[in-house]
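K.L.:
Sequence:
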Amino acid sequence: MRTIVNAIQMLVLLSAAGLADASTRPLFAGKNQPIGEVETFFIGNQLVVTAQVTEVGWCLGASHLYVGNEAPTSAAPGQFPYYHDLGCSLSDTYMVDVDAVDQYVAYHAESKQSAYPIGGTVSYMVQFPGGDSYFNAYINGMGPLDAWCIDFGRSISPGTTYTNCELRSLNDQDLGIVDREENLGYASWILNQDWSLYPEYSWKEIQAALWKLIDDNPPVNSGGGISWDEAKALEIVDMALTNGSGYNADSFEGLVLLCKNSNDVVNRQITLVAVPVDGFFIGEDTAWAQGSDNWYNGKGNMIGWGSYFLEPYPQP
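In case it helps, mature numbering (1 follows the signal peptide of the UniProt record, and there is no 0) puts the sequence shown at residues -22 to -1, 1 to 294.
Among the clues, some could well be false.
With beta-carbon atoms standing in for the labels, derived distance ranges [to be verified]:
1. P4 with Y274: 21 to 27 angstroms
2. D172 with T51: 49 to 55 angstroms
3. Y61 with D172: 31 to 37 angstroms
4. Y274 with S101: 47 to 53 angstroms
5. P4 with Y225: 45 to 51 angstroms
6. N272 with D77: 23 to 29 angstroms
7. Y176 with E48: 55 to 61 angstroms
Keep in mind that the hints were calculated from the coordinates and are not lab data.
Glycine included, C-beta positions come from ideal geometry on N, C-alpha and C.
Between the sequences and the hints, there should be enough to build the whole structure, so can you do that?
P.N.:
Okay, structure coming up:
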């Protein structure tokens, strides 16, 4: 997994760089749809490029970056030297070693639009226990949906409607809030299995397996108002670790609910909600950071609509 620069680190970087030295450009999907911003700034001999999605319902599936002393000769993002697999992320950060001269930059992303308001705020309520899951969940009144706890350290009150809950994708590479973010892909594998074919495992063993994969201090045998067969829970963990690497959802996508207090701090149990994969994404588009220069062929015709720009190296 790529190195994640979390929010605290980014604040330090911005402080060191000085906001006056940063430049911001709009990020467009499909040429005309603004979905976010791309910011660039230097820290010594490193160029930092950050993308942030600001349009609710959109996320980034992958990105390509060109940085160099000379202008890029190809408009094909696949030929750019830097790449990130982003899943369905709201942010993206590159830190590139550069010479102490002006740098040409081109930022391209594969953007996705979801039917769900990813990145936005929703109302959320859970019921305990669920039918075939730890919770029954309702997002903006829609449900019941199967939901699971992925945060044993916080609590949530069943039957209470929370109105300040941020909706994120399970495939967001920069959630930065759960203990073992690197194991979230295994949770996706668990969500997508038809456990009715394996009656020896109940939803309680499934919940316990999720805690063991994602929480730093998972309970043993019992916890969170339920008890389970510990050996069977560990069998599910082993199956997920064996089969879930690089898994792509084929039945259910995962939504992560981050419910916050008035200070915008997550203060309720983080939960994972399974929603059908069919109709989850309603569109995909290429996206570019708006630049000042374009590519042209030998006849002088513009190639595509992508662009690049020159980022001036700060003078002492």
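K.L.:
Going back to the hint list, which numbers does this structure go against?
P.N.:
5
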